[in-house]
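Enquirer: Below, each chain spelled out in residue letters.
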Amino acid sequence: MTTIGGGVPATVPAVAIEGLYKSFGKLEVLRGIDLSVDRHEVVCLIGASGSGKSTLLRCINLLEPIDAGRITIGGDEISKPGVDVNKIRRRIGIVFQAFNLFPHMSVIDNVTLAPRKVLRTPPDEAASQATALLTRFGLADKQAEFPDRLSGGQQQRVAIVRALAMHPDLLLLDEITSALDPELVAEVLGVVRELATGGMTMLIATHEMGFARDIANRVCFLDAGRILEEGPPERIFRQPTEARTRQFLDRVIAAGRLEA
Amino acid sequence: MAGLLSGPGDSGDLIGVRGPSGPRLVHERRSAVRSTAVAAISTVVFLAVITLIVVNSPGWSAVQRSFFDGEVFAESWPVIVKAFWINVQLFLVSEVLILTLGLVVAVLRSVPGPVLFPVRALATIYADVFRALPGLLVIYILGFGIPALGLAGVPVDPFLYAVLALTLIYSAYVSEVYRAGIDSVHPSQEAAARSLGLTRFQALRHVILPQAVRRVVPPLLNDFIGLQKDTVLVSYIGVVEIFRQSQIRSAATFNFTPYLVTALVFLVVTIPLARLTDVLIARDRRRGAASAR
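Protein sequence lines correspond, in order, to chains A and B. Under numbering that gives the first Met the number 0, the first sequence has 182 at position 183, and the numbering climbs by one with no breaks. Under numbering that gives the first Met the number 0, the second sequence has 156 at position 157, and the numbering climbs by one with no breaks.
Fair warning: there could be bad hints in the mix.
What the hints assert, rightly or not - A few chain A residues that face chain B, going by a derived Cβ cut-off under 7 angstroms, partial list only: (1) N60; (2) V82; (3) R88; (4) N99; (5) H103; (6) S105; (7) A113.
Calculated directly from the structure, the hints in this document are not laboratory data. Note that beta-carbon positions come from the ideal geometry of N, C-alpha and C, so glycine has one too.
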């Protein structure tokens, strides 16, 4: 049996979600999600705003407590009571729509904070690792800058690097280009493309349909808290079987966000 | 990757606004000089008129005798300024304790979970009670009440009770200031920190508090201007500080000039602090405008 990374058999999915339910008060946001992502797989979540994409990602990261269901990461169940959420979150990186960089810290400190405090990496080692990552993503000259001196695209690339510095098994990307000016979207998507090429397991909530079509191994269409349809991008975008998926894609095409 | 590596250019040139140049600059400089001159002349004339009116008004000589006696001023100011050293000590020791206790109370008020409800409740009750009570009452109760119990090992030095009372009173206010600062940091900052695996405490320590404290420096300085002035209240429990000393000097000379000395000392100390607060608030406002997106 082939093993990768932390000695976990390759056949164990990176994430497996069964029967996930989540409500905010009376509002049912997730109504029975079943989803499995294999190692080195890139899965894109598409769907209208409010369909539950972001909530699903936040549940996987345990930023939101779930009401029912099971989530396993690399075979370990993380949704049962008594698990150490801090240990689990180290293995799962998440990048947010609004970057959420720490504004009182320089770029390098943003990236090294978690390795230093959580992994207890010695400061000079954390710094050299961070420099290597920042250099790889074209941010070598921004290390000493503070976030408010960077463009949105640069900030989002720093946020991706900050997540990568923890060497996560899995990266969750929550509409990471939605807050960017259009001309800055490409540089951020370029980073994600490179990560996909490098084999990073990713679960991506996105409104960038062209990007999803290019990068995803699989696309899931979320509607009202359920995965209504999933499959390879060519099929979902060309021949969706569900009427709701077709409607959604027609609206996206009408808005000029996807070529027909 | 090439397009990716060369992100957008530095935005510095967007921020740097160029000033006027050439004839317009000369004109602006001239009019600036002119308005400064006009303001100076107008101020001098204004002050001269006020002084003339005051000095020539009936009763001025009585006021002068009572409040502006040169001889009393000369002999009382060294004693009074020396007594102010007690206020400075009170202020400095209390300030350190207040900044610490206020922060602890603010943090305890936001600890999560049902088990820690009593801790939250206690911190809330403390802040409510000590903001509700008049400061002088607290100083009396502690400064006279505790030594009067006559318990073994209880200190009698009024300075200690003064520090204790001021710390308890002001920490309640300061905990509210800190709490406002903590609340002003957007929850997404904590989410970002926790998502990287930081514990709740690490997120508070490294992400939330540094941002919160920076934002509340001006209101904290305001509270400390108040504290400086309130140090005179402890004269009531027998601390011979600046106000008590000026009372003693006033009684000895049958003259109010010692109080004027005390007033001048407070003006000299607190007005620069008030100006500093204004400068910090203005700086924060500029920064806020620059980083708003």
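Enquirer: Against each hint, give a clear statement of whether it holds in the structure.
Expert: Hints, one by one, checked against the model:
| no. | hint | in the structure |
| --- | --- | --- |
| 1 | N60 | holds, 6 angstroms |
| 2 | V82 | violated, 13 angstroms |
| 3 | R88 | holds, 5 angstroms |
| 4 | N99 | holds, 4 angstroms |
| 5 | H103 | holds, 5 angstroms |
| 6 | S105 | violated, 13 angstroms |
| 7 | A113 | holds, 4 angstroms |
Violated hints, in rising order: 2 and 6; the structure is consistent with all others.
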